[in-house]
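**Q** Following the hints, complete the assembly by docking chain B onto the known chain A.
Here's the letter readout for the chains.
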Amino acid sequence: MGNVLEVVGIEKNYPGVVANRNVSLNVTEGSIHSIIGENGAGKSTLMKILYGLVRPDAGSIKVFGEAIALKSPQDAIKLGIGMVHQHFKLADNATVLENVILGSEPTRFGFVVKYDEARKKLQEIADHYGLEIDPDESLANLGVGERQRVEIAKVLFRGAKILILDEPTAVLVPQEVEELFTNLRELVKKGLTVLFISHKLDEVLSIADDITIMRQGTTVATRKPKDTNKKELAELMVGGELPKPRAGNQKVSDEKVLAINGASYVREDGRQILSGVNLEIHGGEILGLAGVEGNGQSELIELIMGLLTPSSGTVEVLGLNATTSLTRDIRNAGVAYIPQDRQRDGLLMTAPLWENRVLGHQFAEPLASSIWVNKGAAISDSKRVVDEFDVRTPGVNVLASALSGGNQQKFIVGRELSGNPKLIVAAQPTRGVDVGAQAIIWDHLMKARSGGAGVLLVSADLDELFSLSDRIAVIYNGSIVSVLNPAKTTPEALGLAMTGAKSA
Amino acid sequence: MSKKVESLESSSKVKSFFKSPARITLLIATVFFVIALVESITGAVDISSPGTSGATLRFAIPLLMAGLGGLWAERAGVINIGLEGMMIVGTWTGAWFGYLYGPYVGLLAAAIFGLLSGLFHAILTVKIGIDQAVSGLAINLIAAGAARYLSGIFFPPVGGDRTVSPPVETMPTFTIPIIAPFFKSIDEKEIFLISNISGLIYGVTTELSVVTVGLLLLLPLTSWVLWRSKFGLRMRFSGENPMAAESLGINVYRTRYIAISISGMFASLGGAYLSLVASSVYREGQTAGRGFIGLATVIFGNWRPSGVFAGSILFGFTDALRVRQNESVMAILLAAAIIAGLLSLYYALSRQWKPMSIAGIIALTGFWLNRQVETIPQEFVTVFPNVATLIVLTFLAQRLTPPAMAGMPYRRGSE
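Protein chains in written order, with the working numbering: chain A, -15 to 488; chain B, 6 to 420.
Here chain A stands alone, though its shape is the one from the complex (with noise of 0.2 Å):
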């Protein structure tokens, strides 16, 4: 069989990034084909290419041996490209024939839909693949499973020969992806192609016929499965390069600013994220919490935050706890927030940065008293953050929405490195900042650690890890699954350890 995909020296520049540069990728016709890499290899920005929602600036793709050049989705979709996007794009008061025809409703007269016609077509292209749906149901009764099955039905409604899956088994629980991957077999044994982005090695040796790897924006290998094994593959995404160890002069007092006992956590619809997690903070130590995202990060965090209440086990931040404590008392006692979303949690984004910077002080000394806020501290000390963390910006009365991604994160992090906290939960304190703020953000973080401070540092950055951590804490599936010391561990036993490896 022939390639249904040729793409060759593409190449994609953001102002200040090159987000892909030499990608190759050969797509045979009839296979699963899988992209890994870490997060920000380049895989979603590939994806926008293929998919035609961005442009490439140099280098050539070619789809059924055809040179191409896509301007919209529409036209992909015209070539027989279709994209199952990780976030789905539905409306629940609306039935599942509902949303696979819209936008290409089979008509009479031009606005009359056929929706007898459409309804078999559905149901005809459901039973060719052995996709179980029902076109009169209302998506409002569906499981997240059932919905990808429905996303993927609408691209193939479209016609589409290639499919694109955008880390598709992310939402999924393990039941689901083995429905999803019989899907996916049954679709590929019909002729049509399967492009499947992950960063799950388990999964991708499981399911694909090849597997390309992609790291810091240029495919490095391609390898078949039965070729390779985990080790290789984590060792080609995160490159075979140590990071350079960390110097600094440690002082790990006794006081522990976080202890975490036994703490599992059920979401409402009755799904398991944390499952006893054990975790102990000392002041001055950084504990990195490495794992792919989605596996209860989020939710560990808003435990320690009094955000969340856990299902069982105990949470005690600087010897409050979390659980009974209100978040503006663990706030109160010295707990600094650097939270993942900065633009949802971390800012009002049509505050001036004075404002933004008494966030999360509004309580205490220095920068308000009893009801009032004084402003005048705020903004004098504004200034200090934005000197000291080289925030730019016109002055400290912009909105915070006028400030670059970057300069937001450097604003927040000066924020909450303000006061001297004692225990600092950190996500992702350096994601979008370039190379110059990742240098002051882990400047201070050390800093802050040499002044006695615990730090818990959420990160999916593995140089970010083993650049800070003095240990680092592996979640998979909502547990601990192993403690490592970074000084005696490779990033390519912790890229395993991350992806669920029982051997380390």
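Watch out, some of these pointers could steer you wrong.
Stated by the list, open to error - Selected chain A positions facing chain B (Cβ under 10 Å, derived; list incomplete):
#1 Pro57
#2 Phe72
#3 Leu86
#4 Thr91
Said to hold, decoys possible - Simulated restraints on C-beta separations:
#5 A:Gln200 x B:Arg404: 50 to 60 Å
#6 A:Gly278 x B:Arg404: 30 to 40 Å
#7 B:Gly219 x A:Leu343: 51 to 61 Å
As the list claims (entries may be wrong) - Computed footprint of chain B on chain A, listed as stretches where at least three residues anywhere in the stretch have a Cβ under 8 Å from a Cβ of chain B:
#8 74 to 81
#9 94 to 106
Derived from the structure by calculation, the hints contain no laboratory data.
Using N, Cα and C, we set each Cβ at its ideal position, and we do this for glycine too.
**A** Same frame as chain A, but now just chain B:
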């Protein structure tokens, strides 16, 4: 866990009870039976008299038009608080152009100016991105102010007043042959229940305006557009998930422009009905908040055309009663108490304790009031429609499924 499953099951039972056509028929029949019963007990014959049903229809049409207008806008994802103002546009342009060129031109003018007022709302909310409530309120204020200003300029020179237009030629009415006389004859025989229903049918088939029939046709048309046409499907997705619609190549902005313009046209036609059919003159304050009641029927009707229709009939009925007999309200109170009692019994059988007790309390209060009070004060009669609205919405609130993105700001290309 088992408790949760149980309550889910019983709530779906309730849902299917209200959904099945046969049972709805049964429900309506029960209501009629109770009304007939109450009428024969109390002697308040006006509830189901032909006069009341005819008046109900006349009061319901403007509400229906405002409601359908609201439905079009909200299904496309934009809340239209400006319905009231758009109705004012209809009353004024209908009367003025009706006076100049005859009532049919008046209707046409109302349709055109209503369309433009809807388009204005669309430009403000869709293109410029102004908050939907702010834009709607602005339209209400502008329309009321402009109507007053223009009335002062245009009406006095031609024999009108600063607040009242010169009279417009009345529109013709017709009585459906055979059907109307047939039901009239049965109504006069005063047979229990059958005569009540016949009277009602006679009321809505006699002295009908062509406009009434024409506007009523917009109801099935709206249903057809929503559930059968390509535009309707795209419009619904513009209200449910515009991001998804956009990703499939649908022009959400254009869809919303069209839907909101039609929304304005419908509301304006409802206004024109007030000044051309229900009366034959424009009077300041003629809309009297009907645009807002129309908005309420959208919620009451769960964003469905049939529900909007039911809502406008209900509100139109309470409106019609208000201008009629006082003792009718007492009778309605008794009927409502009986129905609430039956509902309470039903909920008790399906072991839904909370709705059961609410219905039970309403029933007992109704019976108690009926025994204690000789005549109901005029104030209560005036407030009755509002109370009825509150009660009905209390019962229905949990089962509502509004368009997911109605009222939310949406910019093209947002994720």
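**Q** Now, for every hint given, state plainly whether the structure supports it.
**A** Hint-by-hint comparison with the structure:
1. Pro57: The hint holds - Pro57 (chain A) has a Cβ within 10 Å of chain B, the shortest such distance being about 7 Å.
2. Phe72: Constraint on Phe72 (chain A) satisfied, holds at 8 Å.
3. Leu86: 5 Å, holds
4. Thr91: Thr91 (chain A) check passes; min Cβ-Cβ to chain B is 5 Å, inside 10 Å.
5. A:Gln200 x B:Arg404: 50 to 60 Å: 53 Å, holds
6. A:Gly278 x B:Arg404: 30 to 40 Å: 34 Å, holds
7. B:Gly219 x A:Leu343: 51 to 61 Å: 58 Å, holds
8. 74 to 81: Satisfied; 5 residues make the cut.
9. 94 to 106: Contact hint for the region 94 to 106 of chain A vs chain B: holds, 5 residues under 8 Å.
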